[in-house]
Every structure is written in C-alpha cells, then in structure tokens.
Amino acid sequence: MAIHGNLSDFSLRDILTVVVGKHGVLTVDQRDGQVLRLDIAGTSITRMTVERPIDSRSEGQVLLRMFAQGNGEFRFEPLATVEAKRSFLRMDELLEGRGAVPLDERDLPHPKTMFLVIKGRQVELPPDLAEFLGAAVPLLTEGASAERISRQLGFPLEGTRRNLQRLRQVKKVWPMQAYVDRLDPEQRKQRQSLGQRIASFFTR
Amino acid sequence: MSKQEQMQATLDALTRAIPGMKGSFLCTFDGMPVCQSITDPGVDSARVAAMAATALGVGRRITETLSTGTLRGIKLVAAEGRIFIYMVGSKACLALVAPSDTNVGLIELEVADVITQLTAIL
Amino acid sequence: MTPLKIVISGPVGAGKTTFIRSVSQTEVVSTEEVSTERIGKTHTTVALDFGQIALGDYVLHLFGTPGQSRFDYMWDVLSEGALGLIVLVPCDAPNEFPQARRILEFVISRQPVEFIIGLTRTDLAADGWTAAEVAAYFGVPEQQVLALNPRDAAHARHAIHQLLQRV
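Protein chains in written order, with the working numbering: chain A, 1 to 204; chain B, 1001 to 1122; chain C, 2001 to 2167.
Be aware that a few hints might be false.
What the simulated footprint calls covered on chain C by chain B, stretch by stretch (three residues with Cβ under 8 Å from a Cβ of chain B suffice, anywhere in the stretch; the number is not a length) [as the list claims (entries may be wrong)]: (1) 2035 to 2041; (2) 2044 to 2054; (3) 2071 to 2085.
Everything labelled a hint here was simulated from the structure, so no lab data went into it.
Glycine included, C-beta positions come from ideal geometry on N, C-alpha and C.
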C-alpha cells in the first residue's frame, strides 16, 4: 500500500499535506527524466537531491516550484528506521509561506461549490489574489460559489474558480459545511437522534 | 461525405426545417455529444447531451417497468419551450430544443425521417 | 413513515451501483448504459440507482449518482433532503481523488448532510492508498474513512450503520 499518484492530479501542497508527520522518501519524477528526492522526517524535509544533493534552501525552494508545475509520478516510501537529521526545509513553513510551494490551479472545485472566507486566518497573498479576495469577501462571508461570485462581480468564471482554489490552498477560504452552517443546533440534534434511532435497528 | 458530415447535414436540415428551433443534438446513451446543429449559441451541447441521456435512461426504466413496450421518445413541456428527446436506433439519442409555440405535428414528421437517416448512417 | 434518503456518490468505477445492489432489500432500479468512454467497465450510470433497506419502522431509500462531471446536476438533485452521504473512492486510482473531492465538497457545501468516505478495492489492489492516507488527503478524521468491499452486503450495511451514527 503506498501513497502515489501523478502531479497532474495532485498539487505539491496536497502531497506534502499527506506525507507530513511521516518518515520516508518522497520521489517525484519529471517527464524529462529528472527525479527529485525528498527525505521526510516528521514535519521536516531533511534532504533534497536531484542527481546531486541540494545545499541551499533557496535552491531547494526553486526546485520545488519547478517540480510542482510538472506532470510526473510521485511516490512516498515509508522508512522503518529514521536517522536523526537536521531539518533542511520545514514543511509547515513551506505550506504557509508565500511562493515557497506555489499555489496550484489544478483540480478546480465545481463552479457551484459554496465557499466561506476564514476571517481569522492571516495569510500573505499575491497582489492579484488579495485584490480578488477584497472584492469577493462580502459574498464569501455569507458563503458563495465561483458561479455566484463571477456573476455578481462580473468576473470571468474560470479565473474566479482558479482564485478560489488558490485561496483554498492557503486555507483563507474553505468549502462550506451546510450541515454546520445551515442547520441550527436544535435541527442537528433532531437529525442525530433520528440517526441513532435508525442505527439501533442494525444491532438488534 | 464522411459519417460526421452526413450527420451534420441531416441535423442542419432538421434545425432549418422547424421555425425557431434553438438546436438539434445527437448524443450517445451515456451522454457524450456526437453532433449538433445550434442556432442559439447560449445552449451548452455537452449539458444537453448528458441530460438527454439521463432523461431517456429514466424514461426507459419507466416504460420497461410499466410494460408499455420500447420507449420511442420523451417530450418536456415548459413555459418557454419544448424539448423532445428521441431514441435513434439502439445507440443514440436525438434531442430537439424548440420554442413553445412549435408545431408538434411537423416535428414528429421531420423527426421520423431524420431518425431513419441517422440510423442508416450510424 | 417518511422515507429517509442516503446518497451514494463518488467517481466513476468506485463501486456505487455495486454497493446499492449488494445491500438493497428490494430489486434495484438502475439506469446503466453502454459506456462509449474507456472507464474500465462496459456500463455506466446515467441517471441514478435506487434501492431500499427496511430497518424496524424505517425505510431507507438509497440513491446512487453517476460519477462523471457531465451528470453533476444529478449530484444536486439526488442529495436534496438526504439524511447522509457516502462517497466511495477507489484506493488504487489516485487520479480519481480530485473528482471524489470535487463531488464531496459540492454536495456537503450545498446540502446539510453528514458523510463518510468508503474506500473501495482495498481487497483487490496491491498498491493502493490506505484509509489513513486517504483521510489525510481529504482533510477528515481517520474514523470518517472506512475500507469496504461494495460487493459485500455486510460491509455495505456496516458503512450505512457508521454513517447513521455520525448523522
């Protein structure tokens, strides 16, 4: 059983989110034959190699950006034994920091999926994205889809979908959970007791 | 003429034959568009193809369950238009999006011919 | 007694139609047509699957949706008023995970439903993702992802049972 797939279906952020906290080696193939290898230990990348070890953090970040745009296969192999190593790149910093792991526009959400802005979340955004958010925030406060935002603000739909996806990657917006956002606690309780009642018939 | 060209010509002729037709669409049973003749650019062919397949799929289950023989077609009557979806042989659907004042008799006549032609091509 | 609705969705080939066929106590109404695309099987659902389970005084209506995006209107139509949602995900087809996530977020952002993720093909695949790994991808707690075989009625019932306890 393994964590594997193709970069055309997963953003680098997606992949890092799944491997964070684990120990092992993540390999990312590029179509041109280059292979990026990341040694992962918990919340750190302890080593990066592309044919040769990468020494500088900035070069490491550039390489990550490059590979993130690609379409190669990736695979994570867990390691039973882990050497204690110093951290080369911290994954939480990569995922938080602007530009280190680029915001990806693959795997766009459905145009009608409803999103909410996460008001409490402070995050630095590229200027065009910050501008989009500024315009869309009243709609995103009550919850809105790309379709609604594009229609109401006169933005092209594709661009709106892409912007929502980028905002989602830094958790500044998140898909609504209608169960929580649209039902009041009383209604949820009624649902739950109904669910329990039906579930009880399974064990009889 | 290639098959695609023949189908296109048949659909174009059909769309022209019915006044005010927004479009005629040929699609597979699993909702993939094959060919379309559209006068209204606002109509999304991919959507029409999928929905025609869904409607016929449901329609066929109903006619089978109620034992009324092989489904030939479905008519959707709406405030601002009529949608006709027909079986073409055993592999394809033909959908027409027409205005609400459309002459149903004319459509039935034209469609009968078109189905024969399309079945021969497919 | 008002019938109660459970929706089974997920990408193409995840096992939705199979799941309902395994667990339904009545004959399943399907709308499968020959697939003109290569999807690893001959037929695909173009409208819905419908099955039923009786539990005490309650009747659960099970609705399966198509998996392709061109049928996305059915995701909305079928999940309206639903009590819960099961999203089936094939463990050995990570290329389908984005579609699974798209469907899940579409439905739960628009309909007030609780959900579980059913991870299928874990018995068939040598090289699939585990439930814990899939949970990390979807950003949900591990308990919300169940490995299940849609051909196995007991697995399917268990999944519905788990879902009802989350509802």
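Annotated coverage of the stretch 2071 to 2085 of chain C by chain B, confirmed only when three residues or more have a Cβ within 8 Å: With 3 residues closer than 8 Å to chain B, the stretch 2071 to 2085 of chain C meets the three-residue bar; holds.
For the stretch 2035 to 2041 of chain C, do three or more residues have a beta carbon lying closer than 8 Å to a beta carbon of chain B? holds (count 3)
Would you check chain B against the stretch 2044 to 2054 of chain C, counting CB to CB pairs closer than 8 Å, and say if three or more residues qualify? Since 4 is at least three, the answer is holds.
Against the hints set out earlier in the document, no violation occurs for any number.
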